[in-house]
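*Asks:* Chain by chain, the residues run as shown.
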Amino acid sequence: MAGALRWIVFAIAVLAMNFPIIVTLITSLKSQRELSTNPGLWISQPTLDNYLEVLTQTSRFNIYAYLLNSTVAALIGTGLAIVLAFPAAYAIARSEAGKRLVLPIVINLRAVPLIIFAIPLYMMYQWLGLLDTRIGLGLILTIVNAPLALVILVNAISDVPVELDEAAKVDDASSLQVMMMIVRPVIRPALVTTFIFGFITAWNEFLFGLMLTTSRAVPMTVGASFFFAASGGGVKWGTASAVMMLGALPPALLGLVMYRQISGSMTAGAVKG
Amino acid sequence: MALVTRAEGRMYLTPLVGFLLLFLGFPAIVNLIYSISAVTFETLRSPVLSGFSNYVAVLNDREFWSSAWFSLRFGILTASAECLIGLFLAIFLAPLLSKRPVLMAPLMLPLMVAPAMVGLMYRLVLHEFAGPVPYYLFEWFGDSPAFLDINNAFRTLVVVETLQWTPFAFLLFYMAYSAIPLDVREASSLDGASPFEIVRWIDLPLMKPTLVIAFFIRFIDGFRVFDNVYALTGSGAGGSTTSLSIYIYQAFFKEGAIGKAVAASVVLFMASFIVLHCLNRLAGRRKR
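Line by line, the protein sequences give chains A and B. Following the working numbering, the numbering of the first sequence begins with -19 at its first residue and continues without gaps. Following the working numbering, the numbering of the second sequence begins with 353 at its first residue and continues without gaps.
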């Protein structure tokens, strides 16, 4: 009895929280004609026409460009964040440096509204010629990803037994060698998790994409909103839905496959920090 | 002997610290200078100091205070709703989820979709002709409210934000709840405690730190909300959905009022600094 009730509550929660995704998916599978008569949650004649249109008619809305921009910027923003955070995390976990100032400041960065840096960054980018470039966007996404990357990696390195480092030290390895050849392979799973989570976060970022790009480097999240703005009052809901589904697909797929690892990293710093 | 000397440690920290100083430290200084200068897009490189007139302008701007009020209410309401529903789901669904962990995946799915994208999706969901919600409300009740007009936009946005981010609170609570040793509960159950009493007197006190942290994380995220509000309503009818982040964005990009936008940024920075400072003090006291 209680078991059945739990299933019901579970089903309601899943439906309610995923409702916009479900509606968008259903709408994306309806034909233009059916859309004008049937806004409900069933489909009488499912079709892939909307996806075909989005993927083939790229003269007005080139979805490949947006997807590529998002991919490149997210890869830069995630890769660089890890490259910067890994040695820092090693230093914090294994030496006296950085514990008192760097770690708390970077952790708190996560809670600072990043818009307060947006205006000077916009001007700085203008001077440096980084406006509307994938690299520029990637550099900002590095800032967005750095705090959580640092927390996850500090936690992971702290869990590695110190004896492992000591043994290598006895064999005359330098700390750089220990970091790269002993610690790095051991915490590989944490590095992968950081990468996946960082990629999803970077892909889903919107504010800086909106402010710092205008045409060449526009990411998917911003591109999708352009699609709405460009079509004015007469939004073609079928194709719009296909655009939204395609834009949401990469992070959603990654998330569904890796949900276990992600639940750990999402709560890092909240439960352990 | 330390495994990594302090000097080596500093060396390993340098790339990250240098990067952050360049991308956040430098902008912070620019913020401070511009906030006390008269500056336009034409005089970007030669701002003229003008004292605190930008701050005076911001603090006298009714728009600023109404957006601050929006952000505060939005943050408190969404954080409370997310934590209450998340807590209920975590405790009530725990027996189901511990047996079938894969059920976590659909519950976490909303967290994987960009808030901006979810905002756009709700344009469809709530659209008066194409959206299923108004459609069914008309079918069943013969009437449907205008979800995004000046009277309802705030409530609609609270629901949108809550539905997307309840999974986050739920996730934190579920992990904290699962970490409570079973024998604690079994012992109190043997002593004749009802399930409700166990939750009230055993689980909740043990989960209290997580409750506080989840509330603050969600409050801060709600307070600085931008993406989904911008995508769904913009600043809304009559500016009714202008959050602080949107206020700053519009002051800069729409009005070109650089000084005002920057001064508002500094005020927001101070406010978040104070909140974070209090939170850290609180957390520090707990650890001791």
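Hint data in this document are derived by calculation from the structure and do not stem from the laboratory. Hints should not be assumed to be uniformly reliable.
[Said to hold, decoys possible] Simulated crosslink set (DSS-like; lysine-lysine; CA at most 30 Å straight-line):
hint, chain 1, residue 1, chain 2, residue 2
1, A, K79, B, K560
2, A, K149, A, K79
3, A, K216, B, K451
4, B, K451, B, K560
[To be verified] From the derived model, a few chain B residues whose C-beta atoms are all more than 12 Å from chain A:
hint, residue
5, Y407
6, D495
7, D535
Don't be surprised by glycine CBs; every beta carbon is placed ideally from N, CA and C.
*Asks:* Hint by hint, note whether the structure agrees.
*Replies:* Against the structure, the hints:
A threshold of 30 Å between alpha carbons decides the hint, and for K79(A) with K560(B) the separation of about 26 Å falls inside it, so the pair holds. At most 30 Å may separate the alpha-carbon atoms for a hinted pair to count; K149(A) and K79(A) meet this at roughly 23 Å. Restraint check: the Cα-Cα separation between K216(A) and K451(B) comes to about 44 Å, which exceeds 30 Å; the hinted pair is violated. For the suggested pair K451(B) and K560(B), the alpha carbons sit about 25 Å apart, so the restraint of at most 30 Å is met.
The claim that Y407(B) is not at the interface with chain A holds, since no C-beta of that chain comes within 12 Å of its own (minimum 14 Å). The beta carbon of D495(B) is kept farther than 12 Å from every beta carbon of chain A, the shortest such distance being approximately 16 Å. Distance to chain A confirms D535(B) as a non-interface residue, since its nearest Cβ pair spans about 21 Å, more than 12 Å.
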